[in-house]
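Can you build the whole structure from these sequences, using the hints too?
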Amino acid sequence: MAQIKLDGTSKVFGDITVIPPLDLEIGKGEFVVFVGPSGSGKSTLLRLIAGLEQVSGGRIYIEGRDITTTPCGDRGLAMVFQSYALYPHMTVRQNMAFPLEMAGEAKASINRSIEETAHVLDITRFLDRRPAQLSGGQRQRVAIGRAIVRNPTAFLFDEPLSNLDAALRSSTRLEIMKLHQQLGATMIYVTHDQVEAMTMADRIVVLNHGKIEQVGTPQELYERPANLFVAEFIGAPRMNRIEGEAAAALGAGTIGVRPEHIRIVQESGLWQATVEVIENLGAESHVHTRSDVAGPLVVRMSGSPGVKIGDRIGLSPADGFVHRFDRHGMALR
Amino acid sequence: MRTIPQQREGRLLLVPLVTFLLVFLSFPALVDIVYALSDVTFQTMRAPELVGLRNFGTVLADPEFWSACWFSLRFGGLTAFIECALGLALAIFLSPIVCRYGWTIAILMLPMMVAPSMVGLMYRLVLHEFAGPLPYYLTLWSGTSPAFLDAGHAFWTLVVVEVLQWTPFAFLLFHVAYISISSEIREAAAMDKAGAWRILWRIELPMMKATIAIALGIRFIDGFRVFDNVFTLTGAGAGGSTTSLSIYIYQSFFKGGQIGQAVAASALLFFTSLIVLYAGGMLKSYRERRRVAA
Chain A
1 MAQIKLDGTS KVFGDITVIP PLDLEIGKGE FVVFVGPSGS GKSTLLRLIA
51 GLEQVSGGRI YIEGRDITTT PCGDRGLAMV FQSYALYPHM TVRQNMAFPL
101 EMAGEAKASI NRSIEETAHV LDITRFLDRR PAQLSGGQRQ RVAIGRAIVR
151 NPTAFLFDEP LSNLDAALRS STRLEIMKLH QQLGATMIYV THDQVEAMTM
201 ADRIVVLNHG KIEQVGTPQE LYERPANLFV AEFIGAPRMN RIEGEAAAAL
251 GAGTIGVRPE HIRIVQESGL WQATVEVIEN LGAESHVHTR SDVAGPLVVR
301 MSGSPGVKIG DRIGLSPADG FVHRFDRHGM ALR
Chain H
1 MRTIPQQREG RLLLVPLVTF LLVFLSFPAL VDIVYALSDV TFQTMRAPEL
51 VGLRNFGTVL ADPEFWSACW FSLRFGGLTA FIECALGLAL AIFLSPIVCR
101 YGWTIAILML PMMVAPSMVG LMYRLVLHEF AGPLPYYLTL WSGTSPAFLD
151 AGHAFWTLVV VEVLQWTPFA FLLFHVAYIS ISSEIREAAA MDKAGAWRIL
201 WRIELPMMKA TIAIALGIRF IDGFRVFDNV FTLTGAGAGG STTSLSIYIY
251 QSFFKGGQIG QAVAASALLF FTSLIVLYAG GMLKSYRERR RVAA
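As you go down the protein sequences, you meet chains A and H in turn.
Residues in the first sequence are numbered from 1 upward in steps of one, following UniProt numbering.
Residues in the second sequence are numbered from 1 upward in steps of one, following UniProt numbering.
Among the hints, erroneous ones may be present.
Unchecked claim - Chain A residues, not near chain H, derived (Cβ > 10 angstroms throughout):
| id | residue |
| --- | --- |
| 1 | 5 |
| 2 | 127 |
| 3 | 181 |
| 4 | 211 |
| 5 | 215 |
| 6 | 282 |
| 7 | 300 |
| 8 | 311 |
Unchecked claim - Just so you have them, the derived chain A footprint on chain H, three or more residues with Cβ under 8 angstroms:
| id | stretch |
| --- | --- |
| 9 | 177-188 |
| 10 | 206-213 |
To be verified - Simulated restraints, written as ranges between beta carbons of each label pair:
| id | chain 1 | residue 1 | chain 2 | residue 2 | range |
| --- | --- | --- | --- | --- | --- |
| 11 | H | 9 | A | 281 | 49 to 57 angstroms |
| 12 | A | 125 | H | 288 | 15 to 23 angstroms |
| 13 | H | 274 | A | 170 | 54 to 62 angstroms |
| 14 | H | 288 | A | 279 | 50 to 58 angstroms |
| 15 | A | 13 | H | 117 | 46 to 54 angstroms |
| 16 | A | 39 | H | 12 | 53 to 61 angstroms |
| 17 | H | 179 | A | 101 | 22 to 30 angstroms |
| 18 | A | 101 | H | 30 | 55 to 63 angstroms |
Keep in mind that the hints were calculated from the coordinates and are not lab data.
This one's a predicted model, so the numbers in the text were calculated from it and none came from an experiment.
We put the beta carbon where it would ideally sit given N, CA and C, even for glycine.
Below you can see the structure in the form of structure tokens.
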């Protein structure tokens, strides 16, 4: 059964339709990631669910209850903001107590909840400090703690990792995933980073201009993108896009081949190309080539490349890994 | 390059500041101290005759000094409180309008642009018992009008005049503090089920605490040492009922020619404010130490 259900939900700012009517169902305990480029409406969609924005049309249901016009505090949702939005004049303990006090809980049970949550997140040491005395990662934990302590129906995350440095980002990512397993709670997570989306999500919702391009598991999106936008958005380095004759030869307007699905074949190959740039990452290499008929092509291969800049090489796509799209960018199956 | 030892370097860097203080503060301060301890008039200004603490005794025994102190305290405290309360209410209440239409700030700032002495003169005209339009129309419509500038009302008239002129200052400070609270914090509080009042009391006001303290302090100092608008509106006015401390000092200096007494009064004011500031600083550091220890 769907725990959160959007039914024709839309949002209009003035004359601009940010989100055209859209349907989506999110199951209990699911980790759903909204991903898309900036301006895709992913944050707006989250804020509609949170109740921080009023919907312009359609309805929103949580556990079957219509909460379209319910104020944000009464929806039973907790949100972790990009800036953490901790209350700077309160200690960590007071920050975490605030939502419970607002809900009118007794002091003893508030203290118990805080102690438990602080233990889970390993922030017991910081309980009497102010947010200004904490590092970015520690503030992040407190923000998550303030959300957990309320025991909400679902967690909403609005790009929570974008203010952290790369190392901290990947470790916090892991922690959020562990937390999801531990709590088994529904989580909706907004990011523009497809790596975060792929690694964390049970299901990904790819958004573009407020429209849902595709909903599916990371594997589905990677293997069977519904259109060119999803195909190019998911996967790094991005999918090679080939138009013109080379595409027409396969009966498509555009074809796409992921860099990891092209092989360098010294002699013939489907496409002849010249090596332009080589990025050697140690475990793998990205070979940037320019093909005579297919244009620029990136090849991803494990280990060192074995070719030099300026080499003439032949390239062949792996069988069964060529994605075909029609003139409108929709996948041909 | 020759390096200067750190200690000497520090002293060297302090030279301009110390020079400035010596030239602009210590000379007048010294002269003040000498005059405060002397019997001196305009005729004997270059040859003051030391009389010890007699001037201080005279001042402290002068009931007019105490009533001037009381006036200044009451005036400073009351106007600071009203200005800050009104300014805070305006800043919060008008913030949607002011944020949307920035030019409205210019209109709200207008009273501050006028020189306080001009404000005094203006109200003197507007409130004048016979010539003023306000008493005229009040009499026309209600048959009677209070005498705004008599002994019974002068204090309150001055309070209103001061508040009307300086509420915009408090408003400006609070407006800046209010809009600098990030919207995500308000949203977080709303998600935490806090209503508008609770957000105001538990989140916004505590976050504006420092600004509120500063605004109260500045407005109190400004109100305490009030001179120009009071002087032009009522003089020491209505039977001495509006003698502020500044006016008391001015009168005994220039009108009474009792330079020693006037300077002694200002010295008392100086030491009192020094003690208050020092106590404030002690309290603050004590609180901080207690917080760190806790």
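Hint-by-hint comparison with the structure:
With a minimum CB-CB distance of about 20 angstroms to chain H, residue 5/A clears the 10 angstroms threshold, and the non-interface call stands. At roughly 12 angstroms, the least C-beta separation between residue 127/A and chain H is larger than 10 angstroms, which holds for a residue marked as non-interface. A cut-off of 10 angstroms between C-beta atoms confirms that residue 181/A is not in contact with chain H; the least separation is 24 angstroms. At the 10 angstroms boundary, the C-beta of residue 211/A stays outside the reach of chain H, the nearest C-beta of that chain being 25 angstroms off.
A cut-off of 10 angstroms between C-beta atoms confirms that residue 215/A is not in contact with chain H; the least separation is 26 angstroms. Every Cβ of chain H is farther than 10 angstroms from the Cβ of residue 282/A; the closest lies at roughly 40 angstroms, confirming the non-interface assignment. For residue 300/A, the requirement that its beta carbon stay farther than 10 angstroms from each beta carbon of chain H is met, with the minimum near 39 angstroms. Every CB of chain H lies more than 10 angstroms from the CB of residue 311/A, the least distance being 52 angstroms, so the non-interface label holds.
Counting residues of the stretch 177-188 of chain H whose beta-carbon sits less than 8 angstroms from any beta-carbon of chain A gives 5, enough to reach three: the coverage restraint holds. Here the stretch 206-213 of chain H counts 3 residues with a CB under 8 angstroms from a CB of chain A, which clears the bar of 3, and the coverage holds. Between residue 9/H and residue 281/A the beta carbons are some 51 angstroms apart, a value that agrees with the proposed interval 49 to 57 angstroms. At about 21 angstroms, the CB distance of residue 125/A to residue 288/H agrees with the hint of 15 to 23 angstroms.
Look at residue 274/H against residue 170/A: about 57 angstroms separates their beta carbons, and that is inside 54 to 62 angstroms. The beta-carbon spacing between residue 288/H and residue 279/A, approximately 53 angstroms, falls within the hinted interval of 50 to 58 angstroms. Judged by the Cβ atoms, the range 46 to 54 angstroms given for residue 13/A and residue 117/H holds: they are separated by roughly 51 angstroms. Our hint of 53 to 61 angstroms for residue 39/A and residue 12/H holds, since their Cβ atoms are close to 57 angstroms apart.
Evaluation of the 22 to 30 angstroms hint for residue 179/H and residue 101/A yields a pass: the beta carbon distance comes to about 26 angstroms. At about 58 angstroms, the CB distance of residue 101/A to residue 30/H agrees with the hint of 55 to 63 angstroms.
The structure meets every hint from the earlier list without exception.
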